[in-house]
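Student: Sequence:
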Amino acid sequence: MEIRYANHPNEVKGFDTARLRQEFLLESLFAANELNMVYTHVDRFIVGGVVPVGRTLKLEGDKKELGADTFLERREIGIINIGGRGAITVDGTVYPMESKDCLYIGLGARDVTFASDDAANPAKFYFNSCPAHKTYPTVKVAISEASPNHLGSITNSNERTIYRYIHTGGVQSCQLVMGMTLLKPGNMWNTMPCHTHNRRSEIYLYFDMPEDGVVFHMMGEPAETRHLVVRGEQAIISPSWSIHSGVGTSNYTFIWGMAGENQIFEDMDAVAMKDLK
Numbered sequence: 000m001e002i003r004y005a006n007h008p009n010e011v012k013g014f015d016t017a018r019l020r021q022e023f024l025l026e027s028l029f030a031a032n033e034l035n036m037v038y039t040h041v042d043r044f045i046v047g048g049v050v051p052v053g054r055t056l057k058l059e060g061d062k063k064e065l066g067a068d069t070f071l072e073r074r075e076i077g078i079i080n081i082g083g084r085g086a087i088t089v090d091g092t093v094y095p096m097e098s099k100d101c102l103y104i105g106l107g108a109r110d111v112t113f114a115s116d117d118a119a120n121p122a123k124f125y126f127n128s129c130p131a132h133k134t135y136p137t138v139k140v141a142i143s144e145a146s147p148n149h150l151g152s153i154t155n156s157n158e159r160t161i162y163r164y165i166h167t168g169g170v171q172s173c174q175l176v177m178g179m180t181l182l183k184p185g186n187m188w189n190t191m192p193c194h195t196h197n198r199r200s201e202i203y204l205y206f207d208m209p210e211d212g213v214v215f216h217m218m219g220e221p222a223e224t225r226h227l228v229v230r231g232e233q234a235i236i237s238p239s240w241s242i243h244s245g246v247g248t249s250n251y252t253f254i255w256g257m258a259g260e261n262q263i264f265e266d267m268d269a270v271a272m273k274d275l276k
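175 is the number that numbering that gives the first Met the number 0 gives to position 176 of the sequence shown; each next residue is one higher, with no gaps.
Simulated from the structure, these hints should not be mistaken for lab results. Treat the hints with care, as some may be off.
[Said to hold, decoys possible] Taking lysine to any residue pairs in the SDA-like style, the calculated list, with each CA pair at most 25 angstroms apart, reads: (1) 57 with 133; (2) 62 with 0; (3) 12 with 215; (4) 276 with 226; (5) 276 with 52; (6) 183 with 269; (7) 276 with 11; (8) 183 with 145; (9) 57 with 10; (10) 183 with 98; (11) 62 with 1; (12) 63 with 30.
Put together the whole structure using the sequences plus the hints.
Tutor: Laid out in structure tokens, this is it:
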């Protein structure tokens with residue numbers, strides 16, 4: 000498990016592109032028959048990817064790093080499948096997972112495994128995990144069951160549909176909030192006008208992009224913005240002090256996960272366009 004440490008915004012002002020990518024970009028989460036994880040000290044998120052091809056993979060953490068016998072001994076986890084059909088088994092119960100289905104697993108689950116239905120079109124399980132203090136039930140939400148929220152307009156190049164999975168009005172958790180945003184064809188901008196939320200941090204995973212497509216992800220303090228070029232199936236760590244917005248060379252989909260002091264989706268500090276620099 001790779002470890003990333005938190006950064007002060009004054010320090011980040013002096014980072015070049017290579018250093019920004021080293022600290023905030025997660026480039027290689029998905030590989031055949033691997034479970035790859037990054038532990039960031041930003042709200043103690045663990046971000047990971049699992050691609051089972053022809054065999055079952057088990058959710059296991061580094062005992063030295065986690066200080067626990069099992070991965071979910073003191074954690075909760077949200078998992079979204081961005082690949083082909085698969086299944087997640089939690090302590091003997093099997094949850095079939097279509098593309099874009101979500102599964103929340105609460106504190107204390109011991110045995111979690113991942114499998115694909117077809118090795119030629121494997122599932123790709125993306126997950127966010129954070130510390131938990133109470134056990135909530137394991138719940139699956141198919142994308143067909145999620146309530147879509149349509150926002151934006153083609154005039155502003157941000158017509159999109161937001162699906163909330165783990166949130167105060169849906170699947171209950173200790174502090175994890177998780178969902179997905181799909182931009183419609185011809186739309187490229189997300190989260191603009193932008194915002195920060197000092198009470199929680201956020202992770203973005205970009206996917207459903209052409210092979211040669213990129214997203215220019217905006218980050219940094221509102222008056223000290225930076226950008227990173229992000230490709231398909233790469234993730235970005237967004238600290239609480241940073242904006243998080245992006246524009247792509249085409250439409251795309253992204254998963255957002257948050258953890259911190261509260262779970263109120265609307266709790267954000269809006270940044271006026273005139274204040275961006």
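Student: None of the hints should be skipped; say for each whether it holds.
Tutor: Results of checking the hints against the structure:
{"no.": "1", "hint": "57 with 133", "result": "holds (23 angstroms)"}
{"no.": "2", "hint": "62 with 0", "result": "holds (10 angstroms)"}
{"no.": "3", "hint": "12 with 215", "result": "holds (18 angstroms)"}
{"no.": "4", "hint": "276 with 226", "result": "holds (12 angstroms)"}
{"no.": "5", "hint": "276 with 52", "result": "violated (45 angstroms)"}
{"no.": "6", "hint": "183 with 269", "result": "holds (24 angstroms)"}
{"no.": "7", "hint": "276 with 11", "result": "holds (15 angstroms)"}
{"no.": "8", "hint": "183 with 145", "result": "holds (18 angstroms)"}
{"no.": "9", "hint": "57 with 10", "result": "violated (38 angstroms)"}
{"no.": "10", "hint": "183 with 98", "result": "holds (18 angstroms)"}
{"no.": "11", "hint": "62 with 1", "result": "holds (13 angstroms)"}
{"no.": "12", "hint": "63 with 30", "result": "holds (24 angstroms)"}
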